[in-house]
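> Mind docking chains B, C and D on chain A? Use the hints.
Residue numbers (the working numbering), protein chains in the order written: chain A, 1 to 315; chain B, 1 to 485; chain C, 1 to 218; chain D, 1 to 672.
Just so you know, these hints were derived from the structure itself, not from any lab.
In this text, all values refer to a predicted model and were calculated from it rather than measured experimentally.
Where hints are given, some of them may not hold.
[What the hints assert, rightly or not] In silico EDC-like pairs for lysine to aspartate or glutamate, Cα to Cα no more than 16 angstroms straight-line:
no.: 1; chain 1: D; residue 1: Lys558; chain 2: A; residue 2: Asp55
no.: 2; chain 1: A; residue 1: Lys285; chain 2: A; residue 2: Glu227
no.: 3; chain 1: B; residue 1: Lys361; chain 2: B; residue 2: Glu473
no.: 4; chain 1: B; residue 1: Lys148; chain 2: C; residue 2: Asp209
no.: 5; chain 1: B; residue 1: Lys477; chain 2: B; residue 2: Asp98
no.: 6; chain 1: D; residue 1: Lys379; chain 2: A; residue 2: Glu60
no.: 7; chain 1: A; residue 1: Lys50; chain 2: A; residue 2: Glu227
no.: 8; chain 1: B; residue 1: Lys297; chain 2: C; residue 2: Glu218
no.: 9; chain 1: B; residue 1: Lys297; chain 2: B; residue 2: Asp360
no.: 10; chain 1: D; residue 1: Lys586; chain 2: A; residue 2: Asp293
no.: 11; chain 1: B; residue 1: Lys148; chain 2: C; residue 2: Glu11
no.: 12; chain 1: D; residue 1: Lys380; chain 2: A; residue 2: Glu206
no.: 13; chain 1: B; residue 1: Lys357; chain 2: C; residue 2: Glu218
no.: 14; chain 1: D; residue 1: Lys558; chain 2: A; residue 2: Glu60
no.: 15; chain 1: B; residue 1: Lys147; chain 2: C; residue 2: Glu8
no.: 16; chain 1: D; residue 1: Lys379; chain 2: D; residue 2: Glu266
no.: 17; chain 1: B; residue 1: Lys148; chain 2: C; residue 2: Asp211
[Stated by the list, open to error] Interface residues of chain C toward chain D, partial, derived using beta-carbon atoms under 7 angstroms:
no.: 18; residue: Leu115
no.: 19; residue: Met144
no.: 20; residue: Thr207
no.: 21; residue: Glu218
Glycine residues also receive a C-beta, built at the ideal position from the N, C-alpha and C atoms.
Listed below are the residues making up each chain.
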Amino acid sequence: MLVQFALFIFQLLVILALAPLLSGLIKKLKSFFQIRKGPPLFQSYHDLFKLMRKDSVVSENTSWLFNAAPVVSFASVLAAGLMVPIFTTALPFGFAGDLIAVVYLFALARFSIALAALDTGSSFGGMGASREMFISSLVEPAMILSIFAVAINVGTTNLASISTEVISQGMTALSPSHLLAFVAFFIITIAETGRLPVDNPATHLELTMVHEAMILEYSGKQLAVIELGVMVKQFLVFALLANIFFPWGISSGLDAGIAASIIAFSIKIAVLGLCMAIVESTTAKWRLFRLPDLMSISLMLAFLAVVFTIIMRGG
Amino acid sequence: MIKYLLLAPVLTGILCLISKKQKQIEIINLLGSVATLLLGLALVISVFQDGVIVTWKDVLFADAFSAYLVLIVSLVGFATSVYSVGYMGYEIKHGAMDLKRLRLYYCLFHIFMFSMLLVGVTNILGLWIAIELTTLVSAPLIILYSKKSSVEAAWKYLIICTVGITFALFGTILTYYAAVQVFDGSEGAIDWLSLVSVADQFDPVLMKIAFIFVLIGYGTKAGLAPMHTWLPDAHSEAPSPVSAMLSGVLLNCAMYAIIRFRTLTAPSTGTEFTSNLMIAFGLLSVGIAVPFIILQKDYKRLLAYSSVEHMGIIAIGIGFGGILGISGALLHMFNHAMTKPLMFFGAGNVLLKYGTKEIDKVSGVVRSMPFTGTMLLLGGLAITGAPPFGIFISEFMVLAAGFSQGNIISTVLVLLFIIMIFAGFFSHISRMALGTPNSDVRGEVSRWTLGAMALLMVFVLVPGLYIPPQLYEMIMKVVEVLVVP
Amino acid sequence: MGIMFGSELMESIIALIMVSTFMVLGSKQLHTSVSAFQFQSFLLACIAGIVAFSTGRIDIYIVAVLTLIIKAILIPYLFVYVIRELKVKREVELFINISPSLLIGGVLVVISYYLVRSIGNNSQLSSYALSTSMAMVLIGMFFMITRKKAISQMLGILIMENGLFLAAISLTYGMPLLVEVGIFFDILVGTLIMGVLIFRINTTFETIDTDRLTTLME
Amino acid sequence: MDLTYLFLGIVFTYLIGAVLSVVLHRNDRFVTYASFISSFIASVLGIIFSFSVMFGDTFVIDIPGSSILQFGVSIDKLSAFFIMVISITSLAVSIYSIGYMTEYFGKKDIGYLGFLFNMFILSMILVVSASNAVMFIIVWELMSVISYFLVIYEHEKPETRKAGLIYIIMTHVGTGFIILSFLIMASASGSFDFGSFQGIGGQLSPALKDMAFLFALLGFGTKAGIVPLHIWLPYAHPAAPSNVSALMSGVMIKTAIYMMVRVFFEFLGADVLWWGILLLVVACISSLLGVMYALMEHDIKRLLAYHSVENIGIILIGLSVSMIFMSAGQPELAAFGLIAGLYHLINHAMFKSLLFMGAGSIIFSTHTRDIESLGGLIKKMPWTAFFFLIGSISISALPPFNGFVSEWLTFHAQLLSTNLSNNLVTVLVLGSGAALALTSALAAACFVKAFGISFLALPRTEHAMNAKEVPKTMLAGMGILSFMCILLGILAFHVAGILDSVSAPIVGTGIASTITSGLTIGTVPSFAGSISTTWIALLLILFMPLPIILLRSGITSKYETWGCGQPFSTARNEYTATAFSKPIRKWLGNIYRPHREIHATYANSHFFKTSFKFESHIEEVFEQYLYEPFIELTLAVSRSFRVIQTGSIHAYLAYIFAVLVILLISIITGGI
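With the rest of the complex left out, here is chain A:
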């Protein structure tokens, strides 16, 4: 029981502590590719602390929902965080939700922020919410199919079990369908974390904003909570990518293996961050109405992954 509680706290702390670092890392890597210095690696922490110290200005049009949305979205992202294996597969709340539940917890976060965006009555809020829900509609089918592809491969949707199962399969797990599913999921990650070419996290240009448009009216502490939530979500999605598809090195409990696990995880995340930075640096933002094409690619890849898995099993 005590071990469980320790794991619970540890997982939470790790998520909250490392999420801003990942943001900083990607920014840094991107700057590297753009041959500029870029912000310091820990700039995200500074930003958050700065926002925490500020007062909030809230639109007079809003209702209680505007204040509740950051709370709900933050809580749901954290709850999801407890189901995602990061350093260990011995998750205290692994039973409480599987991969599908994690996806839907993210959806809950998105839902609440989108409503809050509409609550301000600003055109930007509406536009952001509209686009966000549009993109999420595009992402969802591909996401579920790639989850299916992974799940039928290993016979489970529980994240911890997926990791252990993939490890136990050894290198045979790296089948074509596994890799296809990975690519599909990577594209989804781009959309889910609001990165180029889907959304530009750095922009405040009205025509291209999606997520930023939604939270335009937030300021101060509330903005900090939202930003932290977004970072955590990004961290979790990366963790998913890392530990579903390449779980090697993850420890199976709170023991000595955890140190190795931390190192392995850091390397995996860094590599993924690098990939993301490369993608972001080499593509321009796409028009909103070209996104369906991108998501169709992802959907097709995921579908092929499913088909390959089914064909491979024979019968």
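Leaving out everything else, chains B, C and D in the frame of chain A:
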């Protein structure tokens, strides 16, 4: 018993003709129809308790089927005579009728009743005379208002039905001839019972020819397509109470004749011959009603075409045969006889108040005349075969019979037609009943008309939820008479 | 079954009846048609007389007399009366011309003949009478279809009824008297009502051309 | 025996409610109390009754009857489950109606509605309890007819009349198919008793069996509202008073699912593979198109009606997957699919009725159904907003509410198809997961729109400006169902056990012990995966204080929304529902076929617009390309038949003559 039953309407008719005042005529009418109803019920009871009644030199006789028809005729006759008091009273009040015409109307009405009762309680030749008599009596009833269109309708009615009836007589004579050959004497029996007992010895080809003539002949009168063409004219042009009688009972009388002849024909020719013919005519009738109901602009014609449809369903039920098919058809006769007059009563009230027969010019009846409007809507559902009304049950029985006899294609076709008719019919009725009234019409016609409708509504609704064991037993007895092994 | 006496005579009378039917069908004058009908009714009365004589039944005598009075005298008179009163044009108006009509009439006779032949258990006379009467019923109806005037339609019906009568009297030697009387009564009343209606039509439509009676459609 | 009295008690309480409504119809207030309190009491009895049957034995009443018309009641666990769904919903709706009907006081006859309302619920209960086909069809049509009369309650409006007509015709067509299906089964069993229909599939020839299936699918599909038979829903639901739409959409269309389960599984045995596949395809199309059309609506009730199409699709996905498993001889998996379907069914009953009541509350206080003219209602009607939000979250399948559980179960039912030996079918079922995912994402988008546009930001018109919170009874009705939504979400482990006892007799095996353990529900052993909505809810509650503590300190000041450079921002600057759904409209343009019309009038030059009007429509594809051509064809054929009735007596006589001659000739030739 039978004699008194026949005497009552004749007496009433004569008394109506010689009465002086409107009140007097109405009272005589009501008393007369009550007497007829009671005598009819008495006849029904005694037939079902004691079996077949034969009186007056074998000319008059009553078995279960006769009793069934008598029941229908006297019930609807009673309701209609109650309705007539309200309807004709309104017409008199508004100057559309005078006392002379009123007298004539009631007289003819009761003679009409007499002729229809006679249909049920006589032999094969008497049947012909009775049916011809119904034509002759009802034609003047149609031209009661002597409008241009009703004269035309009456002429078509008279000519086409007379032609039909002539065919029927020819068929009857051929049947009689077949019987004479079997009895091998100059004096052939003409009562149903003796004929049925030897029907299997009749010459099959002769009986085929005879049945074709009878089917086309009485089928004309029963409104089977393609001999139905007079029906929408006559039924829509007649005053509404008369339309109710024409549609509700007269068609059944003709159908009664066909069904009777079927029991004479089928034993020698085989049931396949009669069944195929009846199914074919039935399907044609139901089918032909579809386009005319869908495109109809006149609500009384709408009801008339619906009668064509229902006669078709009865024919199909008989054609499918089997206990289920025949009992379904019989029950359908009853249900249609209750529902169609209800609709014509409603239509009559609408006509009196709105002064038009065009569907498009009537709206919001439930607002302007709540009771009539509700009855129209419910009746519209009932007549198109929606549960929980009686017609649904009998239609369902017919369909079930079709399936159990393996006539699947016909059954599916019937169902298709019925549904299309529902769509057409109900869209017209709901357009009339719902919405806001398009003129400042307010109030019901008279309590008499409402009472008549309420009475019929009971008979429309009850068989849909509960078939009393008495009625069921009665139908089973009739089926015994009609089933051809 | 069968009576020896007069069966040959009856056959020839039946042949004459057939001829009279074609006379009705073939005449262009209304008066000629009515006369032909009158002649036909007279022949029918003769047949009834023969049957009555050979069977010795009183009621058939009555039938013969009734036929003579009603069909051969009363109804033709009624026709003449109506024609005179309404000033009906003498010339009949047709949908199908006389010669094709006659041809179709012939076809109908052939159909009747074949139909009756397929009935088993028939004497020669009765099959002869039956085919004639069936042909008369069919031709009567055909007559109604092709003639425009209301009054011609009445005539058609009466020819059909004559056909019936022929069948009734020669096949079964008459039906019970009560029934016969009933049938006669019906025919008479029917004719009267039709006559009345023709007057009504004439007053409301100002023509008795039934082709004009087409206000009721659909 | 006690149950008999209880059942009769339910029936008679409804009847008493109906009779009282008629008797008291002159006094609006009395009649409202009388009829809705009766239906409330009856609903309570119904809940008690259904639970006693669900945890007891099958309940049977046989009424001896003669002839074909027989009545009898047979309530097994499946029926009891549906009685429970009906009763819970009608309980809430009854309370709601007490307040809602005040809207009609003095305008309409309340007694008429009260009578029909009670009879409507009663007919639904009888539909799911009927033990014989004839009785079933009668009460089924009774239900349809009564709901028709409820739909046309406000028949003064032309669109209501149109809605009623479309509804009754469609439902009648459906009944026709049902009759055919029953007749096929009855011709094999020789009786109309449902007991004799059990396993009748084995006695039918394959062709007839397929026919029976197809006819039943078409018949019940019409009532359930599967695409393309759904066209009546978006007309009928908005036309009816909202309390009635809540019942119609929440429960009535479910009765079709009830009978589908009976016919497909119990009667026909669900042992043909393509049935399941066909149903799956239909279900996916329904769910997708349903939600897609919902997105384009800004009439709140039409929007909800289209969502019913969507949710029926989701229910049917569970059902069809279960059928596929049945045909593959895997009853445990079939049980899982069926549980998923039934779970979504009860969920949909709860949140859809809740949402319709919410829509009713909006209409009650704003008198408009157009969400474009709403806005800001969350401040005027906080409780309504709160309940509507719960409904929205539930229908969007967000954890930990009930919609999430059933969609999770459905996803897993789809995943279980890996146990099928047929690769093609497996791929198809897994592919349908994408359809379900898209559906649920679009549903979330749609409810962000529906809730956001109508409740949030500033009021767009006077309607919304003058809105007031609705009476307490209405809130209570919504509150009950909101509570149920949460309960069904967080007590998933328990509900799944109950549903298993419903599905076990149907598929032949119970799987409760394998799928539930503690507070979690999982899948069958061949596949791992589990959730615990209870724990998710606890975690969410646990984490909520965290940010709240962070936010607590510091000053929050109010200021106007940034007006995008305009001096001030007003309601006119707000995003509209049409604008919100624009990206999706453009993306799915091939399906929607949107038309846009822009009318601008100019003063002097091209640059000075005096007025500007923008219109955007989408095509009603099914009406336009399926129903209208059919109707046109029918009318054209009918017109060509008019020639028959020329009015010429000669033609009429010629018909008779022709028929006679033809028949006589065919005797000669031996044709007949």
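> Hint by hint, say whether it matches the structure.
To see whether the hints hold, each was checked on the structure:
1. D:Lys558 x A:Asp55: Given that 16 angstroms is the threshold and the Cα spacing comes to 11 angstroms, the pair holds.
2. A:Lys285 x A:Glu227: violated, 21 angstroms
3. B:Lys361 x B:Glu473: violated, 46 angstroms
4. B:Lys148 x C:Asp209: holds, 14 angstroms
5. B:Lys477 x B:Asp98: The given pair, whose Cα atoms are some 46 angstroms apart, is violated under the 16 angstroms limit.
6. D:Lys379 x A:Glu60: Distance ~12 angstroms between lysine 379 of chain D and glutamate 60 of chain A Cα, so the pair holds.
7. A:Lys50 x A:Glu227: holds, 12 angstroms
8. B:Lys297 x C:Glu218: Roughly 9 angstroms separates the two Cα atoms, so the pair holds.
9. B:Lys297 x B:Asp360: holds, 7 angstroms
10. D:Lys586 x A:Asp293: Given pair lysine 586 of chain D, aspartate 293 of chain A holds - Cα atoms ~13 angstroms apart, limit 16 angstroms.
11. B:Lys148 x C:Glu11: violated, 48 angstroms
12. D:Lys380 x A:Glu206: violated, 32 angstroms
13. B:Lys357 x C:Glu218: Cα-Cα ~14 angstroms, so holds.
14. D:Lys558 x A:Glu60: holds, 5 angstroms
15. B:Lys147 x C:Glu8: Since the Cα atoms of lysine 147 of chain B and glutamate 8 of chain C sit roughly 54 angstroms apart, the hinted pair is violated (cutoff 16 angstroms).
16. D:Lys379 x D:Glu266: Distance of about 51 angstroms is beyond 16 angstroms: violated.
17. B:Lys148 x C:Asp211: holds, 15 angstroms
18. Leu115: holds, 6 angstroms
19. Met144: holds, 5 angstroms
20. Thr207: violated, 14 angstroms
21. Glu218: holds, 5 angstroms
Of the numbered hints listed earlier, those contradicted by the structure are 2, 3, 5, 11, 12, 15, 16, 20.
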